[in-house]
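Trainee: The residues making up each chain are set out below.
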Amino acid sequence: MTTIAELPPGFADKVLSAQSTFRSVMDAMARPGSVQRIVPGAGTPDTMMRGTAAIALTLFDHDTPLWLDSRMAESPDLVKWLKFHTGAPVMQDSSIASFALIGDGAALPPLERFALGTSEYPDRSTTVILQVESLEAGRPFELRGPGIDGATTLQASIKPFDLFERLHLNEALFPRGIDVVLVADDAVVAIPRTTRVVSKGS
Amino acid sequence: MTQHNDQQAQRKAAMAVLAQAEAGEIAARLRNFALPDHQDLRTPENGLVMLRGRAGGDGAPFNLGEATVSRAAVRLASGEVGFGYTLGRDGEKARLIALCDALVQSRDFGGAVERDVIAPLREQLMTRRTQAAAETAATKVDFYTMVRGEG
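Residue numbers (my numbering), protein chains in the order written: chain A, 1 to 202; chain B, 1 to 151.
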């Protein structure tokens with residue numbers, strides 16, 4: 001049984017750190033495929049990356065139900081840290097979650113299991129925060145869509161390998177759909193529901 | 001378990017004193033102290049709490065209004081975590097209370113903090129209270145009814 005004494009701290013400067021992190025995530029969402037850096041540092045519990053921890057401290061509160069994959073949920077330190085610093089309720093049912101934290105991409109459940117929003121409120125969908133190995137090296141993906149001038153290339157090594165095939169469900173669902181935020185250490189790339197993968201090399 | 005309860009009671013008593021003390025007084029008393037390394041687990045923040053009221057002893061509870069509260073959490077290098085809550089917007093005071101709460105729990109500093117910080121503050125608080133009570137008591141008027149009667 002771990003005690004509260006082992007909790008890593010939150011942001012050293014709450015307001016400015018949260019603002020700066022919010023700016024990074026917003027820029028990432030506005031320019032899909034671009035790699036944004038998260039500057040402020042916070043304590044990172046267990047397997048959580050720096051970027052994920054900063055996003056959690058910035059975006060989560062008691063009004064945002066969370067869903068954790070088994071990699072995240074199996075760490076009591078991590079769950080306690082989230083509870084202490086964000087107060088966000090952790091849900092068993094992924095279909096009502098505002099955010100999903102995925103530590104082990106290979107075990108990402110089918111995207112249909114998350115909240116897809118409704119036609120009246122498409123914003124009530126789950127934002128999936130996926131920790132990946134790298135956003136600098138790996139397979140190239142060509143992305144097109146709003147926020148991208150023509151096409152852009154994202155080099156990343158992502159699990160699950162078929163993430164972008166799975167995200168094709170966004171095409172049929174629009175305006176409903178799933179937004180994805182990829183995190184590798186302090187690098188962040190957003191793949192909002194409007195972004196399409198046109199082609200990819202190997 | 002008893003030890004745990006004792007510590008709880010001790011922390012509660014310390015909190016009762018610290019919450020009433022001035023931030024400057026706590027800081028002044030802590031200044032003479034060789035403080036161990038510590039970090040802010042939760043930096044001071046302000047928020048609101050709903051105060052519940054009840055008219056009379058058995059009235060239905062109602063929401064009286066909101067009060068500003070500051071809170072903070074501090075962790076010592078040795079692992080003890082202290083929490084501080086106080087009415088008002090003085091974040092620094094909440095941080096100092098959290099620091100004292102952590103020190104009270106620590107084996108090395110618990111006694112010293114109790115002796116040099118909390119006991120003098122408690123004494124001050126008691127003096128203030130008895131003084132106020134005495135001033136009030138001086139204005140006390142005893143009413144009595146003389147026995148009325150024809151005889």
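Since the hints were derived computationally from the structure, they do not count as laboratory data.
Please note that a few of the clues may not be correct.
Said to hold, decoys possible - In silico lysine-lysine, DSS-like type, Cα no more than 27 Å apart, as pairs:
id, chain 1, residue 1, chain 2, residue 2
1, A, LYS80, A, LYS14
2, A, LYS83, B, LYS140
3, A, LYS80, B, LYS140
4, A, LYS14, A, LYS83
Claimed, not checked - A few chain A residues facing chain B, derived, Cβ under 7 Å:
id, residue
5, LYS14
6, ALA18
7, ALA106
Think of the CB as a built atom: it goes at the ideal place given N, C-alpha and C, for glycine as much as any other residue.
Trainee: For which of the previously enumerated hints does the structure constitute a violation, in increasing order of number?
Mentor: 2, 3, 6 and 7
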